[in-house]
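Chemist: Residues per chain are reported as follows:
Protein chains: 2
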Amino acid sequence: MYVVIVYDVNVKRVNNVKKFLRQHLHWVQNSVFEGEVTKAEFERIKATLRELIDDEEDSVVIYKLRSMPAREVMGVEKNPMGDVI
Amino acid sequence: MYVVIVYDVNVKRVNNVKKFLRQHLHWVQNSVFEGEVTKAEFERIKATLRELIDDEEDSVVIYKLRSMPAREVMGVEKNPMGDVI
Numbered sequence: 085m086y087v088v089i090v091y092d093v094n095v096k097r098v099n100n101v102k103k104f105l106r107q108h109l110h111w112v113q114n115s116v117f118e119g120e121v122t123k124a125e126f127e128r129i130k131a132t133l134r135e136l137i138d139d140e141e142d143s144v145v146i147y148k149l150r151s152m153p154a155r156e157v158m159g160v161e162k163n164p165m166g167d168v169i
Numbered sequence: 085m086y087v088v089i090v091y092d093v094n095v096k097r098v099n100n101v102k103k104f105l106r107q108h109l110h111w112v113q114n115s116v117f118e119g120e121v122t123k124a125e126f127e128r129i130k131a132t133l134r135e136l137i138d139d140e141e142d143s144v145v146i147y148k149l150r151s152m153p154a155r156e157v158m159g160v161e162k163n164p165m166g167d168v169i
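Quick mapping for you: the protein sequence lines, in order, are chains L and Z. If you read the first sequence in the numbering used here, its first letter stands for residue 85, the second for the next number, and so on. If you read the second sequence in the numbering used here, its first letter stands for residue 85, the second for the next number, and so on.
Some hints could be false.
Each pair may be met inside one copy or between any two copies, as identical chains are not told apart.
27 Å max Cα-Cα, derived DSSO-like pairs, lysine-lysine [as the list claims (entries may be wrong)]:
| id | residue 1 | residue 2 |
| --- | --- | --- |
| 1 | K130 | K148 |
| 2 | K96 | K130 |
| 3 | K96 | K123 |
| 4 | K103 | K162 |
| 5 | K123 | K148 |
Everything labelled a hint here was simulated from the structure, so no lab data went into it.
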């Protein structure tokens, strides 16, 4: 499964979220990570995110795709996908 | 075509980008929009974004999908998709 994760997390917690996701996914740009994950990895990622965020204030949206989607980049590509493929 | 657009744009220009995308797409959360677009709309959106951003400083990533992807939301859903479907 391929996931794109975008988050809107209070500055008090955002560094923990970023640090955690960086261990599992490719950082795309500010508040966006993506990558291929197994079902087990996906469940672990969600379980940890649940611990890191405040349910009543923060927001995480996870797009679940079959494979890496087509993309177009405009302006600066902050962290080119080529580096990990 | 279904697009998810994430941007990382300098605060000097970000309101213009947000205001423009809001006219065409569904606001998901901070710096993320998505929606169904025709090929013509997609080209117009890209042309305007090119004018609004600074190529050397800002970044826009557009994921191009066939249809609205599966998603999971954790915490607050800032702007539920149900409102537009």
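Chemist: Compare the structure with each hint and give your call.
Modeler: Hint check results:
1. K130 / K148: both (12 Å within a copy, 24 Å between copies)
2. K96 / K130: within (19 Å within a copy, 34 Å between copies)
3. K96 / K123: Classified as neither; 29 Å inside a copy, 40 Å across copies.
4. K103 / K162: both (17 Å within a copy, 23 Å between copies)
5. K123 / K148: Both: 11 Å inside a chain and 23 Å across chains, each within 27 Å.
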